[in-house]
Amino acid sequence: MRLRPSAATRLALTTVSAVALSVTQVPHASAHGPGGKWVAAWGASQVAGSEIPGSTCPAGSGLENRTVRNVLFVSAGGAGVRVRLANTFGTRPVSVDQVTVALQRSGAAAVPGTLRTLTFDGRRDTTIAAGEDLFSDPVPMRVEALSRLLVSVHVDEATGPVTNHPFTAQGNYLAAGDAAGDTSGTPYSDTPAGCW
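To convert, count from 1 in the sequence shown and add 1245; that's the numbering used here.
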């Protein structure tokens, strides 16, 4: 899919979730789309999935038929979005059934009309091998600098311990089942403190 750059730049969004995390590097050359420049707009440090003392965070036990919705405060803006999913410290492949991105209205609720379903090589579902990461296909989406995005990842099959980012200052949400396409935020509840 070819996107038109806006102000000579497009947004390449790297994401962190209980399923996958990102690095803060600018994507390598193969992640750049034709006719525009991708820039990293958000990232977080990654750690291996384990139990977090004093928290009921599922990073150590993993997820099964759950949706993680992360709130990302992006530094750059643009006319398109890509998300990098990572299974950096996973000990087995993680199958992802659906990933969406939207502008945040408040809490887990999305701004109406902004939700986009992401694909990976044209498919809605994908598998991330242990120790690997991958980029979504780009989607057209106007994003202003210093705005908040919701990135939602649904996994149906048990993941085992998941790559995560503990002790974050930014909130995120969990829902039972596939709630990646939900815009109301109603199915979601806050994650335990220190869990992302």
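Hints were generated in silico from the structure; no laboratory data involved. Glycine included, each C-beta is placed from N, C-alpha and C at the ideal position. Take these hints with a grain of salt, some might be off.
Across the chosen pairs, the derived CB separations fall in these ranges [to be verified]: (1) Thr1336 / Gly1358: 37 to 43 Å; (2) Gly1426 / Thr1372: 18 to 24 Å; (3) Ala1390 / Asp1435: 23 to 29 Å; (4) Asp1342 / Asp1435: 19 to 25 Å; (5) Pro1385 / Gly1426: 15 to 21 Å; (6) Ser1429 / Glu1389: 20 to 26 Å; (7) Thr1431 / Lys1282: 36 to 42 Å; (8) Glu1309 / Ala1374: 31 to 37 Å; (9) Ser1429 / Ala1374: 29 to 35 Å; (10) Ser1434 / Asp1401: 28 to 34 Å; (11) Gly1422 / Arg1337: 18 to 24 Å; (12) Asn1310 / Ala1390: 33 to 39 Å; (13) Thr1431 / Ala1375: 18 to 24 Å; (14) Thr1431 / Asp1366: 28 to 34 Å.
*So does Ser1434 sit 28 to 34 Å from Asp1401, Cβ to Cβ?*
With a Cβ separation near 19 Å, Ser1434 and Asp1401 fall outside 28 to 34 Å, so the hint is violated.
*Honestly, do Thr1431 and Lys1282 meet the 36 to 42 Å range at C-beta?*
holds, 38 Å
*CB of Ala1390 to CB of Asp1435, is that within 23 to 29 Å?*
holds, 27 Å
_Is 20 to 26 Å respected by the C-beta to C-beta distance linking Ser1429 and Glu1389?_
holds, 23 Å
*Given the range 19 to 25 Å, decide if the beta-carbon distance of Asp1342 to Asp1435 lies inside it.*
Check passed, 23 Å falls within 19 to 25 Å.
*Note whether the CB distance of Pro1385 and Gly1426 lies within 15 to 21 Å or breaks it.*
Given range 15 to 21 Å: holds, Cβ gap about 18 Å.
*If you check the beta carbons of Thr1431 and Ala1375, does the distance land in 18 to 24 Å?*
Given about 34 Å between the Cβ atoms, the range is violated.
*asked:* I want to verify a distance hint. Is the separation of the beta carbons of Gly1422 and Arg1337 within 18 to 24 Å?
replied: holds, 22 Å
*Do Thr1336 and Gly1358 keep their Cβ atoms within the hinted range of 37 to 43 Å?*
Distance hint for Thr1336, Gly1358 holds at roughly 39 Å.
*Are Asn1310 and Ala1390 spaced within 33 to 39 Å by their CB atoms?*
holds, 36 Å
*In this structure, is the beta-carbon distance linking Thr1431 and Asp1366 contained in 28 to 34 Å?*
holds, 32 Å
_I want to verify a distance hint. Is the separation of the beta carbons of Gly1426 and Thr1372 within 18 to 24 Å?_
holds, 20 Å
Hints 8, 10 and 13 from the earlier list are contradicted by this structure; the remaining hints agree with it.
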